[in-house]
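Protein sequence lines, in the order shown, are assigned to chains Z and U. Numbers given in the numbering used here equal positions in the first sequence, counted from 1, plus 4. Numbers given in the numbering used here equal positions in the second sequence, counted from 1, plus 4.
What the hints contain is simulated information worked out from the structure, not anything from laboratory work. Note that the coordinates shown come from a computational prediction; the quantities given were computed from them, not determined experimentally. Treat each hint with caution, since some may be false.
Derived list of chain Z stretches under chain U, where covered just means 3 residues or more per stretch with a C-beta under 8 angstroms from a C-beta of chain U [as the list claims (entries may be wrong)]:
1) 202-209
2) 219-227
3) 261-267
4) 304-310
For each residue, glycine too, the CB sits at the ideal point set by N, CA and C.
Residue-level listing of the chains:
Number of protein chains: 2
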Amino acid sequence: MLPTIDWHDDAIVMIDQRKLPGAEVYVRCRTAAEVARAIKTMVIRGAPAIGVAAAMGLALGVRRSKVTGTAKLAAEFQKLCELMAATRPTAVNLFWAIERMKRTFAAAAQAGLSVDEIKDRLQADARAIHDEDVAACRALGHFGAELVPQDARVLTHCNAGALATAGYGSALGVIRAAAEQGKRVAVFADETRPFLQGARLTAWELVRDGIQTTVITDSMAGSLMRDGRIDLVVVGADRIAANGDVANKIGTYTVAVLAKEHNIPFYVAAPVSTIDLSTPDGAQIPIEERDRREITHLGSSQLTPEGALIRNPAFDVTPSRLVSAIITERGVFRSPYTETLALAMQGGATTS
Amino acid sequence: MLPTIDWHDDAIVMIDQRKLPGAEVYVRCRTAAEVARAIKTMVIRGAPAIGVAAAMGLALGVRRSKVTGTAKLAAEFQKLCELMAATRPTAVNLFWAIERMKRTFAAAAQAGLSVDEIKDRLQADARAIHDEDVAACRALGHFGAELVPQDARVLTHCNAGALATAGYGSALGVIRAAAEQGKRVAVFADETRPFLQGARLTAWELVRDGIQTTVITDSMAGSLMRDGRIDLVVVGADRIAANGDVANKIGTYTVAVLAKEHNIPFYVAAPVSTIDLSTPDGAQIPIEERDRREITHLGSSQLTPEGALIRNPAFDVTPSRLVSAIITERGVFRSPYTETLALAMQGGATTS
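Chain Z on its own, in the form it takes in the complex:
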């Protein structure tokens, strides 16, 4: 299992995803603020992984608190939640994890547990969120693998892999599960500018697993599809609205349009913690605009001239009409998503 994020003594340790594949460097977070900064600066990224990191960060922050009394701890916890919520706006797993930890805190406090017991409960729940995420990825991988034919040539965008989750991966979980079933799978990884999650992270993960991986620039996917070299697309998600609209890494929408143009299935793989029934459609999903430097520079190289304007939205929204199916740990859901996703959130497992 890849070491995306884990406890290590009194700290949370993450592999620094900004440094891969050149260097395997681990970042040690000793405070909740350090975890929040790690999320914001993309030491760790990927919607499920962000949720796990936030939960672990809250547990860490509470555990290091010196206050006495549940009321003071609750006030401090509330501030930590606000800190964590302010890191990145799009991935709903972040808010999902914070809300879950709030409920855990409230239940423990209501049960009259001591400050130390509340801290233990929060740490246990953060561990559970971590472990459940791995289990969800394995389960959705199992469901998704059914959609992957023998000798499939699969295009993916960004990194929805072990590094984007607590482990195993969502989109890459589907690919891993298909490979574990003995299917030959060849993966084409969009490099995914500007942060290059595909070139750096997806390729690194899959090559480690011995899965054939070809890196292409984002601009090549259309040409490959036209030449009949792609059988299906599978990507992750940062937030899935109630109607099935999907926010994911910038460029996902383009891939979906291309898939439709070439009659290629376009699948979204995500744990149900990514589904947000309180957001009716994609137009309501906040899209993070990141620093211009991600586009103007690469390392020490300046790529653009002074005076050029820059836009850097980190995500786009793919309308549900372009989504062939949504693969979750509770099964595979298809249109009409407003009905099927509501069912999914009630726990109903359906595959179609």
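Mind docking chain U on chain Z? Use the hints.
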């Protein structure tokens, strides 16, 4: 006028397009072999500019020849033509320029001119090819500007600018002409991985000209179109087949599919030297595959892990059904291209 390529004493001087926008470095080619290497390594690139460079390189090579007698000069010229033709396979302007220089040589030899006179003729014709290219860009810019509305938000891909031609530019010539007519134009430049012609060259040119330019990653164009932020697309071409299929920088096809999806006009701007009636359709156009290092590295940074496969086609083909019009110095041509392009090559000027 930007100094893409020019004579300077006994040498050909080109701005090194690999170094822009960070540094304005000029490369001095003293032999035809140095010109060929400059084309191959993309010191100079862009289909019309490649054609101009090849013609100038041939004139330079012949002028430096020490042989006596027309027959020996003809043999040496033939070898120079083969050297030049082996540089890059897709841009047809290269072969167009070589053929034109061959005809000039043959006519001069047939007229009984001396070796020195033949050398002068070739140099004069190379100068003419250079100057005609600038004139063609200005003329097509004039025709194309009619298609650009006031306050247009124009998307372009790669660099079809002054740097890709002898001057003024094809796609950027259309934008420049619209701006000169007093229209406000805002340009969105796809950064154009892997060589970053958009981020580095298009932005550099347009910012110098005071035209508002926003650099985006190639993956953002779809999202911008969906948000209603693009009014038209204009790109250049490396080869236009008889049926109107267009080979251009990798990613152009994706932009064309996106334009169609959003009902946005998709224009191709190119001098008629880019039209190749001997190539019936896009499937017959050879597509250059370039070195994997263009994708695996940027400067000294390694972007992909060891073990990852790479594909790096430099061009793709956009089928003519996605092309709203082809803008040339002889007018604006529309479907059915098999008829209208044949007319264009006979010199017929039509605008529609």
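Evaluation of the provided hints:
1. 202-209: holds (count 4)
2. 219-227: Since 9 is at least three, the answer is holds.
3. 261-267: Held - the segment 261-267 of chain Z has 3 residues with a Cβ nearer than 8 angstroms to chain U, which meets the minimum of three.
4. 304-310: holds (count 7)
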